[in-house]
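Peer 1: Hints in hand, dock the two standalone chains.
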Amino acid sequence: MRRSLPGATIVVVGLLLLVDYIIINPALATLADLILELVVLLAAAAALAGGVALVLRHWTELVERRGDPPGSLALLAGFTVILLAGLYPGSSGSTDPAVRWIVAALLTPLIAALFALLFIFLLGAAGRGLTIRTREGTLMLAAAAAVVVLLLPLGGSAGDWLADAADWTLAVPIGGAFRGLLIGVAIVTAVHAARVLLAVNGAEE
Amino acid sequence: MTDRLTRRSSRARFAPLALVVLLGAAVLLRPGDDGGALLLANPDRTQVAELQAAFAALPEAPLVLVGLDADLGTYPEIRVAVRAALADLLARDARLAFVSFTPEGRAIASAELDRLERGGFGEDELLDLGFIAGAEAGMVRAVTDLLSDGVEGSVADAIRVADVGMGAFQLVLVVGGGEMGPRSWVEQVGTRLPGLPIAAIVPTFAQPELAPYVRTGQLVALLATLRDGAAYAADVGGGEAAEQVPSALAMLLGMLIALVALGRTLAASLWGLGPVPGEGAGTSNRRRGGGRERDDATADAADADVEAAPERAAEADAAAETDPGDEAEPASDAEREADAR
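Residue numbers (my numbering), protein chains in the order written: chain A, 1 to 205; chain B, 1 to 341.
One chain only, chain B, in its complex shape (with noise of 0.2 Å):
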């Protein structure tokens, strides 16, 4: 018995070192261009047509709003598509400006600013509008007053003359998944400047709560989950964006190993098959019938250390009566062992 759990207790010290290796080997062994068995981008081309469409419809050189309020958890679900997104526009000469109302969608447009200045694009394509501070308040005030005083460049000059806020825009991308995401947008900019087309990059999550927003046409564009993202830095990204799509096998096994693990939790709950989680390597499976009984060892070690109990606590009174200098601390601990259990 013991000898199978050190067994069992070594291969389990070697089991994140295996998840790594596995996890390892299938981020370096990428499937071919054509896929193959393995597709991570959504057949349904849809969403990704839509995108294009609202991007296709934008005049020479457009003045775009990017609206970054992006979550740092969920972002790297979309990061392949924003910066695909980001990429499209900036090939139609469309000139960008970013605004944030989170303190996460500042640090990750901040970020993405900071990689496309490193990728050759300056103040001619590029304006960073910062943080707003206030959310929706702050949203609103920004219809009609989005430049602060100090901002200068070529794109900056653009939305001033035009004197109108957001209304010098052409399309908003809003990049969501944080508090103030594109049901924002449509609720506080939609509603006042409803000849604005916005469109959405979003977390799968965040997609029951916007398509309803598709259909009525206040969006006019949404790719909500990594298989469409996936598609649209397919169809457009190229050769840089097409290699930053993660690797189908790593998701794959990733996903594999998730359903292992939760088909064997799932087991053991609903028909006591396979180890309960959370309970020691000392405990058994004996759960049959819905019930949980403890392996014989354990629950025999354990009575028998109840019956112990008393009689350590007699043994540290008769140490303390002996010693009455010492402190009753030891006979009051075996004391409360023995109460608690």
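Bound conformation, chain A alone (with noise of 0.2 Å):
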């Protein structure tokens, strides 16, 4: 039997926002809520560092070339840009027009054309995986194949048959087999915590 600092931590913590949960109580509200900006304070802070390291690693790489110093110098114009454009005075940060623009105009258009050649991708990625002569892998493209051939856009009685089908087999085998795993999921995190809770050995490992 041994306890860390950090499983006692997540077990007072756990603690005290499950008994706020159940009892209304003015002080231990306000104790949960203290605790609920911390743990929002230190995501934001995390992001921060998070945002610090990934200039300070792209800085250095160009400074000493090495990796890919266009790719480098394309992250930083970025950042400057979008923190210039958030940052100057008078704004009024991520919702000042300057950011919404760079951000509806430049980034979710370019992000949105990566994504659409997802379909490419995906294609070649069959490909390849098919080379691999794996089981598995022929099983899942043929499952493709058949949920492809399930959402053809078609009309008609033909169309309505399919429609039926795309929704049966969404609701039911793939359905069942998705809840299956939830539930498998949840049972084994409620044991883990069960674990941390009664400080079994190797719980936190």
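Honestly, the hints are just simulated from the structure, not real lab data.
These numbers come from a predicted model, not from an experiment.
Please note that the accuracy of each hint is not assured.
Only some residues are given here: those of chain A computed to face chain B with a beta carbon under 10 Å [what the hints assert, rightly or not]: (1) Tyr21; (2) Gly93; (3) Ser94; (4) Thr95; (5) Trp101; (6) Leu123; (7) Ala166; (8) Ile174.
Label-pair ranges, simulated between beta-carbon atoms [to be verified]: (9) A:Trp59 x B:Ala56: 50 to 60 Å; (10) B:Pro212 x A:Arg65: 46 to 56 Å; (11) B:Ser154 x A:Gly137: 48 to 58 Å; (12) A:Arg65 x B:Asp163: 52 to 62 Å; (13) A:Gly137 x B:Asp163: 54 to 64 Å; (14) A:Val55 x B:Val164: 32 to 42 Å; (15) A:Tyr88 x B:Pro76: 26 to 36 Å; (16) A:Leu15 x B:Gly120: 47 to 57 Å; (17) B:Gly263 x A:Ala47: 43 to 53 Å; (18) B:Pro103 x A:Pro70: 22 to 32 Å.
Just so it is clear, CB atoms sit at the ideal spot from N, CA and C, and this is done for glycine as well.
Peer 2: Right, here's the structure in full:
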């Protein structure tokens, strides 16, 4: 039986939030709010630290001419532009029109264009996957082909039949397997949480 | 043999161009209003009717919270339905407040707000609550503390006057696809505000996860497939939204191309028919019986190469001995090549 500081913290915070959820008590609510605020601040600080680490890494690579200098330059330029747009004197931050324009007119279309290539890359990946000749890969692609057939946008009675079959497939076999997975994950999570609460050896590994 | 390969190679070079021309033609050639032989919308209108009923149950000039946490990769699948729903709500004089708990969702919300503002809607109808950090913890905190100090406008004032955080809203419309989807809303917000109805629009992959929440009533409505989205947009969106529905013909052609490609690779893998994907043009597909044999010409060339490698190594050795000042790199390269083979 051993109890480390992270484990003890998880137990105390978890129990406190659970009790606050069950019992209405102003003092308890204040304490729970404080913890939630700390968690939010921690998450924001982690995001900030991630941003700083990213900039430092690419700045070093650019200065030392390592890695992909044009890529690093593009990243740093993008970072600078979005920071300038969000932090110039009088800016309203993430809701500033300049930030919105950069996001709506540049960032979103660029990322959407990248994702639009998924169709081609997926077909390529399917072909490459089959060269490995695994049974699972073949089965997955056969299932994918069957789903594509079910989703064909046809009209008339054939289209109605396909749509009904697609709905049934989604609700019954796929839904059943998916929910089975979710229930399995939930059981494992509950067991692990119980092991942490009871400080069973190996639970924190 | 070489001529055939050259012809095949030149044909393959034009294949992407042909694909682009084909898809372009498909996008331009839209089906008629009645759909004809092509129909994208789901004939089963249950989900559409549930969403319409949820909107119809709203009071006059309702406050609606839009939790926009979609994923940029899957958002195009639900964009038509989301835009039609926003237009439908605004047509019912709803006041919309947008909030996001993921950076990607924030980017999409920003783009949608920009579009709506360009469409003539202002601060009397729209409120940007921005991005809230902290994932689930941030969401729990937002249940009681949604407005930050700097937020202003008539919608913000209405929320502030109610002084109950998210309880001020009459409906939450969750646009999912990212990490913080309708499940997080049901778990974190629905349990704390059980009287607040939650409706959701998500991509198809999330449907099996969320369908049980509709049956239990934790979600009052769920649009979760492109077919449902198209049906909803066609029902309520009017001309503009109907125009934005992807061309069924383009989708059909794209899917047929995918099916042909998948069918060829599957046939090659299962029964040895057609070219083996990922192998070069100089290889054949004589793989019946499950084996994988190299083309004779390729095999012969490779064998000849292997036989020639030691000779090249010996020549390189001799060259190194003749010129002692020169580094023995060519010899060692040839030796490595021979060893590798």
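Peer 1: Now tell me if each hint is right for this structure.
Peer 2: Hints, one by one, checked against the model:
1. Tyr21: holds (8 Å)
2. Gly93: With a closest approach of 8 Å, the glycine 93 of chain A hint holds.
3. Ser94: Where the cut-off is 10 Å and the nearest Cβ of chain B is about 5 Å from serine 94 of chain A, the hint holds.
4. Thr95: holds (5 Å)
5. Trp101: holds (7 Å)
6. Leu123: holds (5 Å)
7. Ala166: holds (8 Å)
8. Ile174: Cβ of isoleucine 174 of chain A sits 5 Å from chain B, so the hint holds.
9. A:Trp59 x B:Ala56: 50 to 60 Å: The hinted range 50 to 60 Å holds for tryptophan 59 of chain A and alanine 56 of chain B, with Cβ atoms some 56 Å apart.
10. B:Pro212 x A:Arg65: 46 to 56 Å: This hint holds: roughly 55 Å between Cβ atoms.
11. B:Ser154 x A:Gly137: 48 to 58 Å: This hint holds: roughly 56 Å between Cβ atoms.
12. A:Arg65 x B:Asp163: 52 to 62 Å: Holds - the Cβ-Cβ distance for arginine 65 of chain A and aspartate 163 of chain B, about 58 Å, lies within 52 to 62 Å.
13. A:Gly137 x B:Asp163: 54 to 64 Å: holds (57 Å)
14. A:Val55 x B:Val164: 32 to 42 Å: holds (41 Å)
15. A:Tyr88 x B:Pro76: 26 to 36 Å: holds (32 Å)
16. A:Leu15 x B:Gly120: 47 to 57 Å: This hint holds: roughly 51 Å between Cβ atoms.
17. B:Gly263 x A:Ala47: 43 to 53 Å: holds (45 Å)
18. B:Pro103 x A:Pro70: 22 to 32 Å: Since proline 103 of chain B and proline 70 of chain A have Cβ atoms about 24 Å apart, the given range 22 to 32 Å holds.
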